[in-house]
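Following the hints, position chains B and C against chain A.
So you can see what is in the structure, the chains are spelled out below.
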Amino acid sequence: MIIEGKTNKWEIVCGLEIHCQIISKSKIFSTASTKFGADANQNVSFVDAGMPGMLPTLNKYCVHQAVKTGLGLRAVINKYSEFSRKNYFYADMPTGYQITQFQYPIVGEGIVTIDLDDGTTKDIRIERMHIEQDAGKSIHDIDPHKTFIDLNRAGVGLMEIVTKPDFRSPEEAGAFLRKLRSILRYLETCDGNMDEGSMRCDVNVSVRPLGSDEFRTRCEMKNVNSVKFVMQAIENEARRHVEVYENGGKVEQETRQFDAVSGQTKAMRKKEFAHDYRYFPEPDLPPLILTDEYIKQVADELPELPDAKKARFVNELGLTKYDAAVICENKEVAYFFEKAAVGHDAKKVANWLMGDFFAMLKCKNLTIDESPVSAENLGKLVDLIEKNVISGKIAKDVFEIMSETGEEPEKIVEEKGWKQVTDSSAIEAIVDKVIANNADKVAAYKGGKTGLMGWFVGQVIKESQGKANPKMVNDLVVKKLS
Amino acid sequence: MAIDKQTVNRIAFLSRLKIDEDKTEDTQDEFNKILNWVEQLAEVNTDNVEPLSSVNDNPLVCREDKVVEGEQADKILANAPVEEYGYFVVPKVVE
Amino acid sequence: MVKLTQMTVHETLDGLKNKQFSAVELTNEYIKEIDNKKELNAYVLETPEIALNQAKKADSRYAVDAARALEGIPMGIKDLFCTKGIRSTACSHILDGFVPEYESTVTEKLFAAGAVCLGKLNMDEFAMGGSNETSYYGPVVNPWQQDKHLVAGGSSGGSAAAVAANICAAATGTDTGGSIRQPSAFCGVTGIKPTYGRCSRYGIMAFASSLDQAGPIAKDVKDCALLLNVMSGYDEKDSTSVNLAVPDFTKVLGQSVKGLRVGIPAEYRPEGLNEEISAYWDKGIEMLKNAGAEIVNISLPHTKYALATYYIIAPAEASSNLARYDGLRYGLRIPGEHLDDMYINTRTEGFGREVKRRIMIGTYVLSAGYYDAYYLKAQKVRRLIRDDFMKAFEKCDVILTPTSPTAAFPIGDKSMQENPINMWLNDVFTVSVNLAGLPALSLPIGLSSEGLPLGLQLIGKAFDEETVFKAASVIETEAKFERLK
Numbered sequence: 001m002i003i004e005g006k007t008n009k010w011e012i013v014c015g016l017e018i019h020c021q022i023i024s025k026s027k028i029f030s031t032a033s034t035k036f037g038a039d040a041n042q043n044v045s046f047v048d049a050g051m052p053g054m055l056p057t058l059n060k061y062c063v064h065q066a067v068k069t070g071l072g073l074r075a076v077i078n079k080y081s082e083f084s085r086k087n088y089f090y091a092d093m094p095t096g097y098q099i100t101q102f103q104y105p106i107v108g109e110g111i112v113t114i115d116l117d118d119g120t121t122k123d124i125r126i127e128r129m130h131i132e133q134d135a136g137k138s139i140h141d142i143d144p145h146k147t148f149i150d151l152n153r154a155g156v157g158l159m160e161i162v163t164k165p166d167f168r169s170p171e172e173a174g175a176f177l178r179k180l181r182s183i184l185r186y187l188e189t190c191d192g193n194m195d196e197g198s199m200r201c202d203v204n205v206s207v208r209p210l211g212s213d214e215f216r217t218r219c220e221m222k223n224v225n226s227v228k229f230v231m232q233a234i235e236n237e238a239r240r241h242v243e244v245y246e247n248g249g250k251v252e253q254e255t256r257q258f259d260a261v262s263g264q265t266k267a268m269r270k271k272e273f274a275h276d277y278r279y280f281p282e283p284d285l286p287p288l289i290l291t292d293e294y295i296k297q298v299a300d301e302l303p304e305l306p307d308a309k310k311a312r313f314v315n316e317l318g319l320t321k322y323d324a325a326v327i328c329e330n331k332e333v334a335y336f337f338e339k340a341a342v343g344h345d346a347k348k349v350a351n352w353l354m355g356d357f358f359a360m361l362k363c364k365n366l367t368i369d370e371s372p373v374s375a376e377n378l379g380k381l382v383d384l385i386e387k388n389v390i391s392g393k394i395a396k397d398v399f400e401i402m403s404e405t406g407e408e409p410e411k412i413v414e415e416k417g418w419k420q421v422t423d424s425s426a427i428e429a430i431v432d433k434v435i436a437n438n439a440d441k442v443a444a445y446k447g448g449k450t451g452l453m454g455w456f457v458g459q460v461i462k463e464s465q466g467k468a469n470p471k472m473v474n475d476l477v478v479k480k481l482s
Numbered sequence: 001m002a003i004d005k006q007t008v009n010r011i012a013f014l015s016r017l018k019i020d021e022d023k024t025e026d027t028q029d030e031f032n033k034i035l036n037w038v039e040q041l042a043e044v045n046t047d048n049v050e051p052l053s054s055v056n057d058n059p060l061v062c063r064e065d066k067v068v069e070g071e072q073a074d075k076i077l078a079n080a081p082v083e084e085y086g087y088f089v090v091p092k093v094v095e
Numbered sequence: 001m002v003k004l005t006q007m008t009v010h011e012t013l014d015g016l017k018n019k020q021f022s023a024v025e026l027t028n029e030y031i032k033e034i035d036n037k038k039e040l041n042a043y044v045l046e047t048p049e050i051a052l053n054q055a056k057k058a059d060s061r062y063a064v065d066a067a068r069a070l071e072g073i074p075m076g077i078k079d080l081f082c083t084k085g086i087r088s089t090a091c092s093h094i095l096d097g098f099v100p101e102y103e104s105t106v107t108e109k110l111f112a113a114g115a116v117c118l119g120k121l122n123m124d125e126f127a128m129g130g131s132n133e134t135s136y137y138g139p140v141v142n143p144w145q146q147d148k149h150l151v152a153g154g155s156s157g158g159s160a161a162a163v164a165a166n167i168c169a170a171a172t173g174t175d176t177g178g179s180i181r182q183p184s185a186f187c188g189v190t191g192i193k194p195t196y197g198r199c200s201r202y203g204i205m206a207f208a209s210s211l212d213q214a215g216p217i218a219k220d221v222k223d224c225a226l227l228l229n230v231m232s233g234y235d236e237k238d239s240t241s242v243n244l245a246v247p248d249f250t251k252v253l254g255q256s257v258k259g260l261r262v263g264i265p266a267e268y269r270p271e272g273l274n275e276e277i278s279a280y281w282d283k284g285i286e287m288l289k290n291a292g293a294e295i296v297n298i299s300l301p302h303t304k305y306a307l308a309t310y311y312i313i314a315p316a317e318a319s320s321n322l323a324r325y326d327g328l329r330y331g332l333r334i335p336g337e338h339l340d341d342m343y344i345n346t347r348t349e350g351f352g353r354e355v356k357r358r359i360m361i362g363t364y365v366l367s368a369g370y371y372d373a374y375y376l377k378a379q380k381v382r383r384l385i386r387d388d389f390m391k392a393f394e395k396c397d398v399i400l401t402p403t404s405p406t407a408a409f410p411i412g413d414k415s416m417q418e419n420p421i422n423m424w425l426n427d428v429f430t431v432s433v434n435l436a437g438l439p440a441l442s443l444p445i446g447l448s449s450e451g452l453p454l455g456l457q458l459i460g461k462a463f464d465e466e467t468v469f470k471a472a473s474v475i476e477t478e479a480k481f482e483r484l485k
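Protein chains in written order, with the numbering used here: chain A, 1 to 482; chain B, 1 to 95; chain C, 1 to 485.
Since the hints were made in silico from the structure, they are not lab data.
The beta carbon of each residue, even a glycine, is placed where N, CA and C say it ideally should be.
Incorrect hints may appear among the rest.
As the list claims (entries may be wrong) - Derived DSSO-like pairs: lysine-lysine, alpha-carbon spacing no greater than 30 Å straight-line:
#1 Lys-237/C with Lys-84/C
#2 Lys-66/B with Lys-86/A
#3 Lys-331/A with Lys-66/B
#4 Lys-237/C with Lys-68/A
#5 Lys-84/C with Lys-25/A
#6 Lys-289/C with Lys-60/A
#7 Lys-79/A with Lys-237/C
#8 Lys-75/B with Lys-137/A
#9 Lys-25/A with Lys-9/A
#10 Lys-25/A with Lys-304/C
#11 Lys-84/C with Lys-137/A
#12 Lys-309/A with Lys-228/A
#13 Lys-5/B with Lys-25/A
#14 Lys-289/C with Lys-304/C
#15 Lys-146/A with Lys-66/B
#16 Lys-92/B with Lys-146/A
#17 Lys-86/A with Lys-92/B
#18 Lys-75/B with Lys-84/C
#19 Lys-146/A with Lys-75/B
#20 Lys-35/A with Lys-179/A
#21 Lys-25/A with Lys-75/B
#22 Lys-146/A with Lys-122/A
#23 Lys-68/A with Lys-75/B
#24 Lys-75/B with Lys-56/C
Said to hold, decoys possible - Only some residues are given here: those of chain B computed to face chain A with a beta carbon under 8 Å:
#25 Leu-14
#26 Trp-37
#27 Glu-39
#28 Val-49
#29 Ser-53
#30 Val-68
#31 Phe-88
Stated by the list, open to error - Here chain A is said to cover these stretches of chain C; the calculated rule only asks that three of the stretch's residues, wherever they fall, bring their Cβ under 8 Å from a Cβ of chain A:
#32 82-90
#33 96-105
#34 205-215
#35 230-244
#36 329-342
#37 361-374
Just chain A, same shape as in the assembly (with noise of 0.2 Å):
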C-alpha cells in the first residue's frame, strides 16, 4: 500500500509482536492448571502467586510445544537457550518480574510464506520466537477505587514471535496473522482466538518515502485484539505519521492505544520515569539445553502444514489454487474435506462443501465439528451424483434432509424412491406417452420450433416425478422425435 501525501508517496514499515497462549495442561513454571473459566484465584499455586520462597520449575509440555512451533514457522531452534528476569512492578504480575528469554531464545529466525488477495504470496520473515510467562489479571471495572486482581492467568506458558519489519501494508498484516493462526491450530500449540485473548498483538508502524530504504522512527500499540483492528490500526498510524512529517513535524517513538470505537490511536501517559527492565539471567533455572535428537523426534511429529496441505490438495485433488486456499486455512475444514474426498471425486466434494454445506452450517450457526452431515455421507452423496444413481437437483433435496436427519444418503433415497430411473424402456415408454398425448406439440416441433425440445425433456422428467435419467431422456427424445 501506498500513501499518497500531499507532497511524497510513502510507504508503510510495519513489523508485529505475537503473544501466543501456549496449548498445555498446566503453566509454565509451575502445576497450576491452564483453565479458562476457574473462580478467581483457583487456579494458582503458590509459584503463581510470588509467595516467599517458591520456585519456578519448567514445563516439559511447553518445551515441545514451543519447539514445535519453531519449526512450523521453518524456523532455527537453538539447543542453547536462557530464561531473564524482566523487572517490573505490577498488580498482576506477583513476583515483581516476569520470566522470560531475552540474549537466548528458544527459536531464532524462520518464515511465514502468506498469501495475498491478487493469488501472489511473498515471505514474511520471523526474526525470533521466546517462550515466557503470562501475567494475571487486574479488574478495574468493579469499584471505582479499587483494583481487582486474579492470577489465574498468572504463569500460562506464552510463545512471543517477532517477525521483521516486513510488512508494507495493513493486509499484509492481515494476511499473516491469518496464515500464524492457521499454522498454529495445525499443529495444536495455541487455539489462535484473538477475541478471547489467547493470541495478542503488537503492532510496530513507521513510514518512509517510498524508494528508501531507512528505518525512521516507530511507535508501538499494544495488544490490539482482533485482525481487522490490528489493519486499522497499521493505516490510521501510517497516515498520522505522513501527515506528522508533510507538516515539518518528528515522529516520538511511542507506545500508543488503538481505541476500536474511533479507530485511531492516541498517545498513552508518558510515565515520570521511562522502564527499565533490568533483564538478568534467571538464577533459580539453568540454561535449557536440547538436544538434535529430541528436535528430530518433535519434527517428525509434525503435522501437514497449511501450505503443504493446499499444494497437494492442487497438485494431486486438482482443486483450484483458492477452493484449496480456502478449504486449507482452518484445520477442522481441511479434515473434514480430506475425509469426505477419499475414494470420491475431490472436486465435486469441495464444491458441495464451500456450496450447500457452507451455507447450512452458517444458516444453522453451527462449527464443522458440529456439522449433522458427516464427512462420509458427504463423500457418499457425491458419488450418489456421480454414479448417476440420483440428479444433481435431487441431491439437494436429499442433503437437505441430511442436513436435517443426519441420515446416510443412500437411506434416504432408498426410503424416499428418488433413486434415478436408468431403465431405458421404462423411460422410453414415458418419452412415447408424452408424444402420443401432444400431437400438436411433435408436429410444431417438426415443423421447425425446435425450442420445443426442452418442453419435452421436461415433461417426461416431470411424468418421471424428476427420477428419469436427464441425459437419457434428452437423448431418446432426440431419438424419438427425428
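Positioned in the frame of chain A, the structure of chains B and C alone reads:
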C-alpha cells in the same frame, strides 16, 4: 562513575522506595562510596572470559505437564491484607 | 550430671534410644532453658506446643522401635525458612504476620526425620548482614561474655547463638556469603555450607538465588554430618538442586587423613591479619600435618576481588527477589492513594536500612547503561574466582583458612554502622566459596586472648563434603574446644 541526585531518585523509584528529601544527599554519598569501592573490578582483565551465572554445569531438568496445585484460593488469599469476593484488592491502578 | 541441653545431637539420640530420658522431658528442658535465656534474643517465635506434640509422637516411635534419623531432636529453625502454619518473616517488618501455607523442603525433611520444632530463630533481615543487627526484632547477643554485648555474627546469628547457648540441640542456617560459617565462628559452634545444589532452596526466602544454600549449625562435626544427611538431596521443586546420591557423611568421621593434600592459600594471609587468628591457622595446619596430611601452598589470585564481585551479584539478585514484597498478597501493607503509592509506602516502611541499601545498589547495577560495567563484569570475575579454585584443587583435596578476620565485635560498632563497607569486610574469607558454589565448614579452633571463640574454615571440592568432614573431624579432635555449659 559518580552518580547524581536525579539518578538516586530514579533508582529509588525503580525500586519502589522513597528517600526523604533531606536524606538524598547522604544516600548519594553512600552510593558513590560503594560504587567507587566495587569499581576495583575494572582492573581485572576479563577479555575472553565468559560470564558465570550458574555454578552448576547441570542443564535444566524439566517437569511433566501435570496439574498438581490448584483449587486453593483460600490458601492463596489466606495472608492477603485486603481480599474481596476471592480477589486481591489494591488501590486503583492508574494507567 | 551433664544437663540434657548440653548434649550433642548424637549423644541425645543415644540417650533417647536407651530410654535414659524421653523426648518430652528433653523438649521441656529446652523450653525451660529458652525461657531462662530470653535476653539473648535468639528466638523470634517460640512454638512450645508444636514442639511438645512432636516430642510425644517421637516418644511413641521410640516405644515401638520405629525411631527415625533425628527422632525427638529439638531444633531451632532460622526464620528464613517457610514453615507451614508457623509465622515466617525473614525477620523483616514487611512480612509482618505472614504464615505460610507450605513447608520448605529442608524443614520438611527434618520434621519427617523426627526433628522437633522449638521455634523460629533470629537473623539479619532477609539474611543481609553479618552481625544480626539488621533484624527487625533487634540483634542477638553473643552468649560468650554476654555482659559485653557482642554480636553473634550473621546472618544466622540466632541459629549460632542458640546452639552455643544450649537452647536448641541444633539449628538450620543459610549461607549466601558466610551466613552459616561466620556466626558459627563467632559463637564457637560448627556449621557447614554444603555445595550449591546439595540442599533444596524450595521454601527458603531467596536473598541471592545463585549463592544461597541451607546448612546445619550444630555443636560438633558429627552433628553437622548427621543433620546434613537429612537436609540434603535432589528436589524436583528446585531446578538448581542437583540429582546426586547423598553419601552418609558420618562414615568418614575419624578416618585417617594420611596423604590428604591440604591447600593453604597465600592470599588469605594478607598483611595485617590478626596475629592470633594467624597463629590458630598455623596450629590447624600443624594438626593436619601431624595426622599425616600433606600441606601444599596454593594461590587463589582473584581473592581480593571476591568481596566487590559479591557485593554486585548478591544485591542484583536480591533487588529482583525482593520485588515480590509489595504489600499486595501478604505481609505488611501501608495504604496509598494509588497502587504505586502503596508499593512505595509499604516497601519504604517495611524494609530496613541495609536491605534498602542493597536493593538500590542491585537495581543500579542492573539498570540500562550500567549492566555491562557492573553486573556482567562481576559475573566474569566470578568465573575467574571459580577457576582459581578449580586450578587449586588440582594440587590439593581440601583448603584450610580462617573463617573470619576477627572475633565477635560489640553490638553497635561505630565504624561499621557508619560505613557499610567496613561491615562487609567481615565476609572476606567466606564469600569466594559462595561465588564458586563450593562446600565449606567452620569449626571452633580456640579462644582469643579475650576469651572469644575463633574459627577455621575447610573448603572442599564441589560435592565433596566428605573430605571436608574428614579433615574437620581431625582438627576437632585435636583442638578439644570447650563448648559453653
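Hints, verified against the model:
1. Lys-237/C with Lys-84/C: holds (16 Å)
2. Lys-66/B with Lys-86/A: holds (26 Å)
3. Lys-331/A with Lys-66/B: holds (27 Å)
4. Lys-237/C with Lys-68/A: holds (26 Å)
5. Lys-84/C with Lys-25/A: Given pair Lys-84/C, Lys-25/A holds - Cα atoms ~27 Å apart, limit 30 Å.
6. Lys-289/C with Lys-60/A: violated (51 Å)
7. Lys-79/A with Lys-237/C: This hinted pair holds, its Cα atoms lying about 24 Å apart.
8. Lys-75/B with Lys-137/A: holds (19 Å)
9. Lys-25/A with Lys-9/A: Outside the cut-off at roughly 50 Å; violated.
10. Lys-25/A with Lys-304/C: Answer violated: Lys-25/A to Lys-304/C is near 50 Å, above 30 Å.
11. Lys-84/C with Lys-137/A: Holds: Lys-84/C and Lys-137/A sit about 28 Å apart, inside 30 Å.
12. Lys-309/A with Lys-228/A: holds (26 Å)
13. Lys-5/B with Lys-25/A: At roughly 49 Å apart (the allowed maximum being 30 Å), Lys-25/A and Lys-5/B break the hint.
14. Lys-289/C with Lys-304/C: With Cα atoms ~27 Å apart, Lys-289/C and Lys-304/C stay inside 30 Å; holds.
15. Lys-146/A with Lys-66/B: violated (35 Å)
16. Lys-92/B with Lys-146/A: holds (4 Å)
17. Lys-86/A with Lys-92/B: holds (24 Å)
18. Lys-75/B with Lys-84/C: holds (11 Å)
19. Lys-146/A with Lys-75/B: OK: Lys-146/A and Lys-75/B at ~22 Å, within 30 Å.
20. Lys-35/A with Lys-179/A: Holds, at roughly 26 Å.
21. Lys-25/A with Lys-75/B: holds (22 Å)
22. Lys-146/A with Lys-122/A: Distance ~48 Å between Lys-146/A and Lys-122/A Cα, so the pair is violated.
23. Lys-68/A with Lys-75/B: violated (36 Å)
24. Lys-75/B with Lys-56/C: holds (29 Å)
25. Leu-14: With a closest approach of 6 Å, the Leu-14/B hint holds.
26. Trp-37: violated (21 Å)
27. Glu-39: Since the shortest Cβ distance to chain A is 19 Å, the answer is violated.
28. Val-49: Check failed: Cβ of Val-49/B comes no nearer than 16 Å to chain A, outside 8 Å.
29. Ser-53: Nearest chain A Cβ about 4 Å off; hint holds.
30. Val-68: OK, holds: Val-68/B within 8 Å of chain A, min 4 Å.
31. Phe-88: Check passed: Cβ of Phe-88/B comes within 4 Å of chain A, closer than 8 Å.
32. 82-90: holds (count 3)
33. 96-105: holds (count 5)
34. 205-215: Per the Cβ count (5), the hint holds.
35. 230-244: Holds: 5 residues of the region 230-244 of chain C have a Cβ under 8 Å from chain A.
36. 329-342: Holds: 4 residues of the region 329-342 of chain C have a Cβ under 8 Å from chain A.
37. 361-374: It holds: at least three residues are needed, and the region 361-374 of chain C offers 5 whose Cβ sits within less than 8 Å of chain A.
Consistency note: the structure conflicts with the earlier hints numbered 6, 9, 10, 13, 15, 22, 23, 26, 27, 28.
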